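Student: Residues per chain, in single letters:
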Amino acid sequence: MRICKCCNAKVGDSFDNCPVCGSKIEIKSEESNYPVYKCKRDITTIYLTWSVRVLIILTIISVVVNIAVGGIPWSLYVITGIYLFYKIFLSRNLVEANLIQRFLSVVITVCLLMIIIRLISTEALNVQIVIPNILFGALVVSGGFYFYDFQSQKSHILPIIFTIGVAIFSIAILFFLFGIIRWPMIVLGGVSLFIIVFSLLFYRKSIIAEIKKKIHT
Amino acid sequence: MSKKKHQIDNNTFAEQEAEFQSCLERIIGGVQLPPREIQLFEQDVRKAVEYYISSSLTMEEAFERIGPDIFGTFYSEPDPNEWYPLDSAAKIYPLSMTRSNMSMYRISANMTKQVVPEILQLALHAVIKRFPTFATTLKRGVFWHYLDARRKRFTIEEEENQPCSPIKVNTNSDQVFRILYFNRRISIEVFHVVADGYGGMTLFKTLLNEYLRMLGEPTTVADDILDISEVPKPEESVNAFTLTDKSKNTSGYGNASALQISGKRTKIQPAQLLHFIMQSQDLIQTAKKHGTNVTGFVLSAMFLAVKSATKETKGTFQIQVPVNMRQYYPVRTLRNFSMYAIVKIPYENVVDMETLIPMINEQLKVGTSKESLDQMAAMTNKIVSNPGVKYMPIGLKGIVISRIIKYITRKSFTATLSNIGAVKTDFFGNIRSFEAILGPVNSNEVSCGLVSYEDSIVLSITKTVMESAFEAKLYEVFTSLGIDVVIEGNNL
Numbered sequence: 051m052r053i054c055k056c057c058n059a060k061v062g063d064s065f066d067n068c069p070v071c072g073s074k075i076e077i078k079s080e081e082s083n084y085p086v087y088k089c090k091r092d093i094t095t096i097y098l099t100w101s102v103r104v105l106i107i108l109t110i111i112s113v114v115v116n117i118a119v120g121g122i123p124w125s126l127y128v129i130t131g132i133y134l135f136y137k138i139f140l141s142r143n144l145v146e147a148n149l150i151q152r153f154l155s156v157v158i159t160v161c162l163l164m165i166i167i168r169l170i171s172t173e174a175l176n177v178q179i180v181i182p183n184i185l186f187g188a189l190v191v192s193g194g195f196y197f198y199d200f201q202s203q204k205s206h207i208l209p210i211i212f213t214i215g216v217a218i219f220s221i222a223i224l225f226f227l228f229g230i231i232r233w234p235m236i237v238l239g240g241v242s243l244f245i246i247v248f249s250l251l252f253y254r255k256s257i258i259a260e261i262k263k264k265i266h267t
Numbered sequence: 071m072s073k074k075k076h077q078i079d080n081n082t083f084a085e086q087e088a089e090f091q092s093c094l095e096r097i098i099g100g101v102q103l104p105p106r107e108i109q110l111f112e113q114d115v116r117k118a119v120e121y122y123i124s125s126s127l128t129m130e131e132a133f134e135r136i137g138p139d140i141f142g143t144f145y146s147e148p149d150p151n152e153w154y155p156l157d158s159a160a161k162i163y164p165l166s167m168t169r170s171n172m173s174m175y176r177i178s179a180n181m182t183k184q185v186v187p188e189i190l191q192l193a194l195h196a197v198i199k200r201f202p203t204f205a206t207t208l209k210r211g212v213f214w215h216y217l218d219a220r221r222k223r224f225t226i227e228e229e230e231n232q233p234c235s236p237i238k239v240n241t242n243s244d245q246v247f248r249i250l251y252f253n254r255r256i257s258i259e260v261f262h263v264v265a266d267g268y269g270g271m272t273l274f275k276t277l278l279n280e281y282l283r284m285l286g287e288p289t290t291v292a293d294d295i296l297d298i299s300e301v302p303k304p305e306e307s308v309n310a311f312t313l314t315d316k317s318k319n320t321s322g323y324g325n326a327s328a329l330q331i332s333g334k335r336t337k338i339q340p341a342q343l344l345h346f347i348m349q350s351q352d353l354i355q356t357a358k359k360h361g362t363n364v365t366g367f368v369l370s371a372m373f374l375a376v377k378s379a380t381k382e383t384k385g386t387f388q389i390q391v392p393v394n395m396r397q398y399y400p401v402r403t404l405r406n407f408s409m410y411a412i413v414k415i416p417y418e419n420v421v422d423m424e425t426l427i428p429m430i431n432e433q434l435k436v437g438t439s440k441e442s443l444d445q446m447a448a449m450t451n452k453i454v455s456n457p458g459v460k461y462m463p464i465g466l467k468g469i470v471i472s473r474i475i476k477y478i479t480r481k482s483f484t485a486t487l488s489n490i491g492a493v494k495t496d497f498f499g500n501i502r503s504f505e506a507i508l509g510p511v512n513s514n515e516v517s518c519g520l521v522s523y524e525d526s527i528v529l530s531i532t533k534t535v536m537e538s539a540f541e542a543k544l545y546e547v548f549t550s551l552g553i554d555v556v557i558e559g560n561n562l
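Protein chains in written order, with this note's numbering: chain G, 51 to 267; chain D, 71 to 562.
Okay, chain D solo, but in the shape it has when bound:
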């Protein structure tokens, strides 16, 4: 909590110290951690109460707002049997990560008011106990990595590094996700080892809901916001890949190299982050006019943009489109359960939207079908259950498997487009927009995340090179079709 934004009358608080201590004891009594940790929890509560008092609440009202069960009995020594093997898709992430490149993604919410870090910190304490797979730390076994229960204070941080920068996971106390705040923006950055966009978004929305409740704003009840007073459900932590239909055919990750946008990778990654903020209805109507959906339309614009951003003239553009498999299976896992479709268009066929859209529609239909995704899931299961891979010591896996995967996936896509879809939860005017940002990867130079909320839709572009031809063309395509675009992003 760096900036002190609220003027607190310390004398008033000193007079109420006894009342504070007695209220504090009631909510912190269940915490059974070392004294140093308890002291930190106490400081968090104190800062929040100071904020409430500076906002004209009484001590009693402040504690009522915080709630009696914020810590519960969660913060005590975890059961030694509480741990989670990585799901089938996550197994590769810790093997292929490097100090400077990890599979991270970020979801941000732009609030209408300045973020209050003191309250956000308490909201995280309240929410994390409902998400046991996030309340973990990454550990290394003989054959595979795993997530081990972690019962320490989970912290928020003020944003000061590049978006999706690697997360430190090498000690007992390291988190596998980050909650960041900056001015009016709250973000969650998740290491893909723990969850996909669905899991991250569920935690994030639940956190935002609790944060707004603690600020005295109206809250919402929705399917995708978990009730934090509930006990975590076992189905939320299953490896859902094992539940997929056993496809006889497997289709895999082996792809020919794809054409890349030109430019030299910068040492600092990502090189640039841009948000194209548009009106949802504009984009939906324009897509409809072109006989496709939003994903198909944005893909066609991306194909035109990558063509103008590459110096190559021969080859194929390949755009990866992650697909949430929960649409085909009635599972509510908060872990990874996504596969992807690939849309491939040869260089010479990228001419204009009219010719691109039928090809994209056709490939999306096949690529996002249950059969196709099942085949890919079957391939994933087959790889991780192969005895040669399964029983290979982790040190050797790190050298052999990670190099094979890096070789196969290197430059295998031109770009990625992840459409998170519409956030339908009502936050009663407290949030202006959401953003979905994919971290830089080795497989391609440009990644895009798309998410809509109320009447705004944000296309977030993460690039590993500085050259601006890609976004300039994309901007030109959208504006030439009458779509109003406002560009935001980081200034480098």
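Bound conformation, chain G alone:
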């Protein structure tokens, strides 16, 4: 403990300056009570903040240039790319930022963006074939990973259920509203059903327990 020569405050060993009057305290003990903080500011937060700012500027530039030069709405593709970059590399959930959730949310975002581009753009994009194929691949990869590492991944069931729901819903819409049936839709329906049946046969107890936790109110 030292005494500030200026205001006579009794101050501990951590300070360089008196916390009461601000004047310099000359003799400093070797053993401080607090560490010298290594990371003064959260690097991730700075990195995220600046990256998002840069992406917003790029988005605005692409739209302005596209409008100025005219022609096809190519800025849509740029925005899609920027958004996916953000989703994949910059966006992180504060709770449960797991690989399955991130992967499937990117996949569903891609599907949604493709539908939007298809609706806005005049270019031919066969979403009836492409989207079921993407969802099929996503379910195979995420389902495989989920069951391969079940003990660690079992709580990440929701994104898979959600993706299966999206898959079945889109098949139903295409079939019942538009009367469309393509082979990728059949394969997607098949893999969705397979995951459901496989889960119920081999992991019923654990999965029901996880679902109970997830939907508690």
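Heads up, a few of these hints could be off.
As the list claims (entries may be wrong) - Lysine-lysine pairs mimicking BS3-like chemistry, simulated, CA-CA at most 27 Å apart: (1) D:Lys452 x G:Lys263; (2) G:Lys137 x D:Lys384; (3) G:Lys60 x D:Lys358; (4) D:Lys476 x D:Lys460; (5) D:Lys337 x G:Lys74.
Because the hints were derived from the structure by calculation, they are not lab data.
Computed from a predicted model, the values in this text were never measured in an experiment.
Based on the hints, put chain D in the right spot on chain G.
Tutor: Okay, now just chain D, sitting in the frame of chain G:
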């Protein structure tokens, strides 16, 4: 375990390797985790044994000191049904947290000797199994977050960041609390989602007791130190808000904005942490002389300090005083069970202690009464059980509810004063003092925690702005009344 403080004769240890392995097998046999985790447990035990041997204990004595049941059968795959919905008060914390702002608090113990991290780590392994609600990780459901049982190695860390800095809770293996050590100080930092000060303090005291036992120091048996050989009791993990009397009236969180101390918030939070270390008897006697208790007295000093630290001249100062509801209900939950009282004094009425204290006493009496706290608890229950809130998907809640709460609570208090009270447990001269630190929040710029142990009482001040008018005035008020104050804190 960064610093190697103990000289170990590796040759001696190598000769005893077979004995070590056989003793290790006895205590680690019940651990049923992946090999990598078991390897880490083994390293923890090895480091502790090395420490004991360097302190002239034999291998047998070292294992005797560690105890045969340190791991028990706790470290195996948890029952899938072992999880905890958040209590009524905790539900808002994960919704309103940001990457840089989480509701954290810290309790520290300043030991008389240098901390031995090797032993502290083992003490944590021994203690955590008695605290299942702390042995969890935060998860996200469709409607609410919840705490899911976590069976991995819980680790201690050497302190290197700002006090109460946000805790990472986004993976399966993240803890909801931290145990830190630095020189002679051991600290626990808890995310409010899991427990209030009572729960955190119970875990902390139990940990300190076990740590001291492992160091061969005398230990204590007290009500507030849990027996780690016992099975956790269901009443320790209940949501006690559901047990409160159903008050017909509800009183809520809606407050007019309060006057704030002046200054710009710094990018690094908290901007400053200061401890006013005083003699308990000095403070108690001075408070008595002024016709109030310690809380009332410190509050009156804080009102004078905030007045001198603000540039505003119109408005009301509002200081939040958390109140432990266990004093009104015979529950032993280790989760959140606190509400708060608000003491409001208009700017022009903050003149001197003599005029402030009667107003503070009156408001404290009403605000900390069972009726008042029941009304607030009823409001909390009403909000979280409202179907519109309850069944709103969590993503939407994060956007809507958190913004409403942030809007309501933003700048709603001038300061917070949390009086943890006296730590009555006897640690046989191994602890010099305790500190209670509240993390920075959006609702106010200055928070104070007060805790006493033996003959010292520590007022810890956490500020979000650098300007020093608040603490300078507070120091002046205390010293002018003859209270001897030593100031400690972090040097920024």
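Student: Is Lys452 of chain D within 27 Å of Lys263 of chain G, Cα to Cα?
Tutor: Holds: Lys452 of chain D and Lys263 of chain G sit about 22 Å apart, inside 27 Å.
Student: So if I understand the rule, the pair passes when the alpha-carbon distance is 27 Å or less; does Lys137 of chain G with Lys384 of chain D pass?
Tutor: Violated. Lys137 of chain G to Lys384 of chain D sits at ~47 Å, over the 27 Å cutoff.
Student: Are the Cα atoms of Lys476 of chain D and Lys460 of chain D separated by 27 Å or less?
Tutor: holds, 18 Å
Student: Decide if the proposed pair is consistent with the structure: Lys60 of chain G and Lys358 of chain D, CA atoms, cutoff 27 Å inclusive.
Tutor: holds, 25 Å
Student: Has the given pair, Lys337 of chain D with Lys74 of chain G, been kept, meaning a C-alpha gap of at most 27 Å?
Tutor: At roughly 24 Å apart (the allowed maximum being 27 Å), Lys74 of chain G and Lys337 of chain D satisfy the hint.
The structure fails to meet hint 2 from the earlier list, while all remaining hints are met.
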